[in-house]
Amino acid sequence: MRRLFLIVALFLTGCAAHYDRAGNYNNYTLTAPQAGQVAQNVATELARRYPARTVFSFPHDRSNVFSSALESAIRETGRGVTQDVSPGLHRLKYRLSYLNSHQFFIMTTVNQQHFQMLWSDDDGILTRLQTITQYEATHE
1 MRRLFLIVAL
11 FLTGCAAHYD
21 RAGNYNNYTL
31 TAPQAGQVAQ
41 NVATELARRY
51 PARTVFSFPH
61 DRSNVFSSAL
71 ESAIRETGRG
81 VTQDVSPGLH
91 RLKYRLSYLN
101 SHQFFIMTTV
111 NQQHFQMLWS
121 DDDGILTRLQ
131 TITQYEATHE
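FYI, this note's numbering numbers position 117 of the sequence shown as 117, with every residue one higher than the one before it.
Be aware that one or more of the hints could be misleading.
Claimed, not checked - Calculated pairs, SDA-like style, for lysine to any residue (alpha carbon to alpha carbon, straight line, at most 20 Å):
(1) K93 / R62
(2) K93 / Q116
(3) K93 / T29
(4) K93 / A47
(5) K93 / V110
(6) K93 / H114
(7) K93 / G124
(8) K93 / R21
(9) K93 / Q40
FYI, nobody ran anything at the bench for these hints, they're computed from the structure.
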């Protein structure tokens, strides 16, 4: 029984370690240039969807390379970013998730809507995969 408890505890803490305090999920490691490339694509998509002067509530771990790159990329598009959680702001979070040894995806959620991007990592060279369908959803 003790062994079963330890296995379950290790499994749960291992999964929890990929979340930061704000609920962002990251289980794929990107270098700083790669993080910048992915963040720039996400920021461009956000700029397409939200007007200039939009402010995003984006609590995140500032020591995370991708989170910091995303914050900077969003600011470069003329949108604001704050760590504060306020009902009047657009709540932003992300899920950067491993698919296999050469692919990952980023799902960005703003309020109750999200969009996804698939990426291929071929020996450190990132390529955004163009999907056949565009999938956007609203969380209920």
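Self-check item: Distance restraint between K93 and Q40, which requires alpha-carbon spacing of 20 Å or less
Solution: holds (15 Å)
Quiz prompt | Restraint check for K93 with Q116, where alpha carbons must lie at most 20 Å apart | solution = Between K93 and Q116 the Cα gap is close to 12 Å, so the pair holds against 20 Å.
Quiz prompt | 20 Å limit on alpha-carbon distance, applied to hinted pair K93 and R62 | solution = With a Cα-Cα distance of about 13 Å, the restraint between K93 and R62 holds, given a limit of 20 Å.
Quiz item: CA of K93 to CA of H114, is that 20 Å or under?
Solution: holds (9 Å)
Quiz item: Is K93 within 20 Å of G124, Cα to Cα?
Solution: violated (25 Å)
Quiz item: Keeping to a limit of 20 Å between CA atoms, is the pair of K93 and A47 held or broken?
Solution: holds (16 Å)
Quiz item: When you check the alpha-carbon spacing of K93 and R21, does it fall within 20 Å?
Solution: holds (11 Å)
Quiz item: Can the restraint linking K93 and T29 be considered satisfied, given a maximum Cα separation of 20 Å?
Solution: holds (17 Å)
Quiz item: Holds or violated: K93 with V110, Cα cutoff 20 Å?
Solution: holds (7 Å)
Against the hints set out earlier in the document, a violation occurs for number 7 only.
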